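Protein chains: 2
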Amino acid sequence: MKSNEQLNNVVNFLLEQTVRQMRGYAQRQLDTLQAGITVDQWVVLKIIDERDKISQVELAQVAHKDTASITRILDLLQKKGLIQRIDDEHDRRKYLISLTGAGKAFVKLHLPFINGIREQIVQGLSKEEIKTLKDILEKIRQNVAQGDPDVFP
Amino acid sequence: MKSNEQLNNVVNFLLEQTVRQMRGYAQRQLDTLQAGITVDQWVVLKIIDERDKISQVELAQVAHKDTASITRILDLLQKKGLIQRIDDEHDRRKYLISLTGAGKAFVKLHLPFINGIREQIVQGLSKEEIKTLKDILEKIRQNVAQGDPDVFP
DNA sequence: CATCAAATATTGATATATCAATGAAATCGA
DNA sequence: TCGATTTCATTGATATATCAATATTTGATG
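Those sequence lines, one after another, are chains B and W. Heads up: the first sequence begins at 22 in our numbering, then just goes up one per residue. Heads up: the second sequence begins at 22 in our numbering, then just goes up one per residue.
Hints are supplied without guarantee of correctness; some may be wrong.
One copy or two, it doesn't matter: identical chains are merged, so the pair holds either way.
[As the list claims (entries may be wrong)] Derived lysine to any residue pairs resembling SDA-like cross-links, with alpha carbons at most 25 Å apart:
id, residue 1, residue 2
1, K67, T92
2, K160, Q50
3, K129, F34
4, K155, H131
In short, the hints are calculated from the structure, not lab data. Remember, predicted model here, so these are calculated numbers, not experimental data.
Throw the hints in and build the complete structure from the sequences for me.
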């Protein structure tokens, strides 16, 4: 089984490494915009764009991040003037998160370029390959799943 | 090409999410050992086990980590008494990194269990699927590659 | 209604990634 | 050999992940 161990190690490693490189690539591309924003901040910004008045817990679920991370990312986005926290009248524990005018403009301005980045990442992969990749990743996700599984389309 | 866009987004997201869950799973399993060590620390430890007297730059290359990260991970491993930095007589900028006796014993003790974790992660995947996965990830890596590509077996 | 449990956001601690700057040492080129 | 460049390890700063603890508020149940 020694060769299997090798292979498993390689797969684990390759997956991590690929994601690391993807993130690096996306960040470097994003940096060329001089927009002063990180990939994770963009992800959060984009979700807010699509789901106005979302709460932080929901945001965390959709972004697959911890609420602590969301708090800190929102702090940064708020400092940049891109989002705002509005008190929820019906539940005073919550904020309703929205884009500011500047935030909306920011998303609108940069969305096409950023969609381009994502296309470049999977460039040259056929639909079949993408489907196969998704299936395999789904199997891995089931192997490592704990508690409530979250569903991908 | 419009139909692909949604798909692309999912693939990027799914990859990141899968790796995140893999890491979480591996860490939780590691935690059951009560060994007080992280996945990344284990990775570094294992490399030192295989390549005694390695330098920190080499370690960084093999582990695909920044030298800054290596410095900090080694600091922690050294505090735990698992590794030692020895001055390189031939190049006084370098350390030669080695496991201590405790470090060797630690690796020997936990290696089988940790290999088991890797095994569980890719459980149920056929060799063909693993090969396909590797090929697809390799394509993505090439799409996002910058500078010197690093080679996987 | 009072209490107790759960949800929400925040904060703190620790680990890591990444980038930039630094000091010390080695090497290279004229 | 001297000076410039490069290499090595470290440190600092910032961003994020994760886990734990907390205050506030809500909801549920007696």
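Verification of the hints:
1. K67 - T92: Within one copy, since 16 Å is at most 25 Å while 36 Å is not.
2. K160 - Q50: between (31 Å within a copy, 19 Å between copies)
3. K129 - F34: between (36 Å within a copy, 21 Å between copies)
4. K155 - H131: neither (27 Å within a copy, 32 Å between copies)
In the structure shown, a violation is registered for the earlier hint numbered 4 alone.
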